[in-house]
Amino acid sequence: MDRSLNLLDLALGFDQQLLDPSPLSGKVVLIEDCVETSGSFVLHQVMKRVLSTNSSDALIFLAFARPFSHYDRILRKLGCNLAAQKTNNRLVFFDMLMMKCSDGEEIEDNVSAVAKLFREIQETVRKLRSLTNSNITVMVDDMSLLEIAATGSNSDRVLDFLHYCHSLTSETDCSLVILNHEDIYSSMERPAFLLHMVCLADVVIKAEPLASGLANDVHGQLIVLNKGISRSSRSKLQNFQFKIKENGIEYFYPGSRS
Amino acid sequence: MADSIFRKLRDGGEEGELAPALTIEETVASPFALDVSGYLLANLSSSILAGKSKSQGLVLITFSRSPSFYLQFLKQKGIVVSSSSKWIRILDCYTDPLGWIDQSSNGVTEGSSLIKLHKCVSDLKRLFSSIIEAGRELVGDGKARFCVAIDSVNELLRHSSMPLVSGLLTDLRSHAQVSSIFWSLNTDLHQEKVTNALEYVSTMKANLEPLCPSSDGKRNALENLFLVHQDFGKGRFHVRFKLRKGRVRVMSEEYHVDHLGINFSPISSADSVQFNLQLSEKERVEKEKVVLPFEHQDHGKSTEIYDGRRSLADVKIEAAPLSSGELQSDVVSSGKDGEIIYYRDSDDEHPDSDEDPDDDLDI
Numbered sequence: 001m002d003r004s005l006n007l008l009d010l011a012l013g014f015d016q017q018l019l020d021p022s023p024l025s026g027k028v029v030l031i032e033d034c035v036e037t038s039g040s041f042v043l044h045q046v047m048k049r050v051l052s053t054n055s056s057d058a059l060i061f062l063a064f065a066r067p068f069s070h071y072d073r074i075l076r077k078l079g080c081n082l083a084a085q086k087t088n089n090r091l092v093f094f095d096m097l098m099m100k101c102s103d104g105e106e107i108e109d110n111v112s113a114v115a116k117l118f119r120e121i122q123e124t125v126r127k128l129r130s131l132t133n134s135n136i137t138v139m140v141d142d143m144s145l146l147e148i149a150a151t152g153s154n155s156d157r158v159l160d161f162l163h164y165c166h167s168l169t170s171e172t173d174c175s176l177v178i179l180n181h182e183d184i185y186s187s188m189e190r191p192a193f194l195l196h197m198v199c200l201a202d203v204v205i206k207a208e209p210l211a212s213g214l215a216n217d218v219h220g221q222l223i224v225l226n227k228g229i230s231r232s233s234r235s236k237l238q239n240f241q242f243k244i245k246e247n248g249i250e251y252f253y254p255g256s257r258s
Numbered sequence: 001m002a003d004s005i006f007r008k009l010r011d012g013g014e015e016g017e018l019a020p021a022l023t024i025e026e027t028v029a030s031p032f033a034l035d036v037s038g039y040l041l042a043n044l045s046s047s048i049l050a051g052k053s054k055s056q057g058l059v060l061i062t063f064s065r066s067p068s069f070y071l072q073f074l075k076q077k078g079i080v081v082s083s084s085s086k087w088i089r090i091l092d093c094y095t096d097p098l099g100w101i102d103q104s105s106n107g108v109t110e111g112s113s114l115i116k117l118h119k120c121v122s123d124l125k126r127l128f129s130s131i132i133e134a135g136r137e138l139v140g141d142g143k144a145r146f147c148v149a150i151d152s153v154n155e156l157l158r159h160s161s162m163p164l165v166s167g168l169l170t171d172l173r174s175h176a177q178v179s180s181i182f183w184s185l186n187t188d189l190h191q192e193k194v195t196n197a198l199e200y201v202s203t204m205k206a207n208l209e210p211l212c213p214s215s216d217g218k219r220n221a222l223e224n225l226f227l228v229h230q231d232f233g234k235g236r237f238h239v240r241f242k243l244r245k246g247r248v249r250v251m252s253e254e255y256h257v258d259h260l261g262i263n264f265s266p267i268s269s270a271d272s273v274q275f276n277l278q279l280s281e282k283e284r285v286e287k288e289k290v291v292l293p294f295e296h297q298d299h300g301k302s303t304e305i306y307d308g309r310r311s312l313a314d315v316k317i318e319a320a321p322l323s324s325g326e327l328q329s330d331v332v333s334s335g336k337d338g339e340i341i342y343y344r345d346s347d348d349e350h351p352d353s354d355e356d357p358d359d360d361l362d363i
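Line order of the protein sequences matches chains A and B. Here the first sequence stands for residues 1 to 258, numbered as in full-length UniProt numbering. Here the second sequence stands for residues 1 to 363, numbered as in full-length UniProt numbering.
Treat the hints with caution; some may be incorrect.
Claimed, not checked - What the simulated footprint calls covered on chain B by chain A, stretch by stretch (three residues with Cβ under 8 Å from a Cβ of chain A suffice, anywhere in the stretch; the number is not a length): (1) 65-77; (2) 90-97; (3) 136-146.
In short, the hints are calculated from the structure, not lab data. Positions of the beta carbon are idealized from the N, C-alpha and C atoms, including for glycine.
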């Protein structure tokens, strides 16, 4: 087995590169985290996987949370040069930090800012498709900030946006990877927004702290739930722990670390 | 039992009667309404093709999956749909429900005769007329009828209010040319009243219940999803029929979803015992309310359990009169009718001892 694969890669199905070069194609991956445990490292890892040298997959990144320089620095530590990928046309970076949209700012052709954003993405997907035939991944970091940016109009707009992104996955076989925070919605009895995303997702990755509290050697645990029924050989739910290191993450099964 | 739903949908209602309607209810933990509607679609399609059904066409309105997904699905089931098919129409509310996609730049066609693109989901009147129009294209204006399938009303409910949606469904049901109709709903995404309203306008309700130990009913839908992991894809399928005379019948089955689709099987005999092994939520709450004997009966005072003699507190109170002389008690009680006066010899004598007093006799 390839030594470079870790437990998360295995859980996401990156171990069968020959059989299925892009296992996430046409799928929606939802990463849920909470205040105690950030899930952005999962995002970084999937980024690295998508942009790895032995595939030609392309990535469209919507950054609501952090600027390009941040991701550039982190991915460099993981051994991936984002700036180079940008010039290679394998990465399209949307800096959305300053995005604000409200109903007051409707554009002349009666389309909201969210719809405009989607059109841009769709246009980008079409351009990338004409360049390469491989899989395109759309990544959102993170969805709750889009919700914040879109309030003032209707938070339903975000769900509409998600719906359209979902239609991209089925029409053009893109993958959609979304980071979202779970505990924002914890006080709600029916967090419709969150539940809607979970319904759309094919794979749910949940990052949470250890139930027993903080520890030096274990920084938290990941639960990967594969909702797809078809691949029956793969276990549907996997649970493992992780330790975040300077330039990488160590994953291990609970209790298997000496 | 899933067959009986299918048969009811296939046979449709009598003339002058509302069309039978089915709500398929799923939750986040058991998101298989799509599989159930796929099962019904495949069966209805083949019976329409074989001419066994009262309806002659099928109008499918897609909200949660693209039309190509359904065409692929039907193909897997051995039903090939070509654009010249005269028995099915798909109304596509998935690809562009709000008209966001720029027409000028990408050249999305308005759809073929098979698949029609519907762009204004919030306008339910227009949606209604497009459904009827699509149906008429299939079966003509006469008395021939068609089935209507809506793959998810959740999207509809997001764009319009609940009364409007249930109004649309009722309008469809009461249309003379609609023979039967079914839709699916994820009950976790909406308030309970929405679920109730939609159940109310339907004659059948199919509920997919996950196999999970839901000991307390208030657990969050998300936690349920992670709880059912090992049994994901399995569960109970409950169907409630409202019969014509007003009777209600509930039936249950087990379902199992695999990559080929959904399978139904009768509930295994191990579970069908005559008595309940588990408490329902209501029963549990009521059980907890019961005050057991000797428990909290004294409202704050220490619990007293009668053991045959006076309690320590009583002894202290009466200690003084006793010490003044034993005769006194005789005097006090003498004028009364009858009384048993008994002075215990010592505290060594146990009042209700189970011990055999002759235990130590050596005979």
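Right, here's what the structure says about each hint:
no. : hint    : verdict
1   : 65-77   : holds (count 4)
2   : 90-97   : holds (count 4)
3   : 136-146 : violated (count 0)
Violated hint: 3 only; the structure is consistent with all others.
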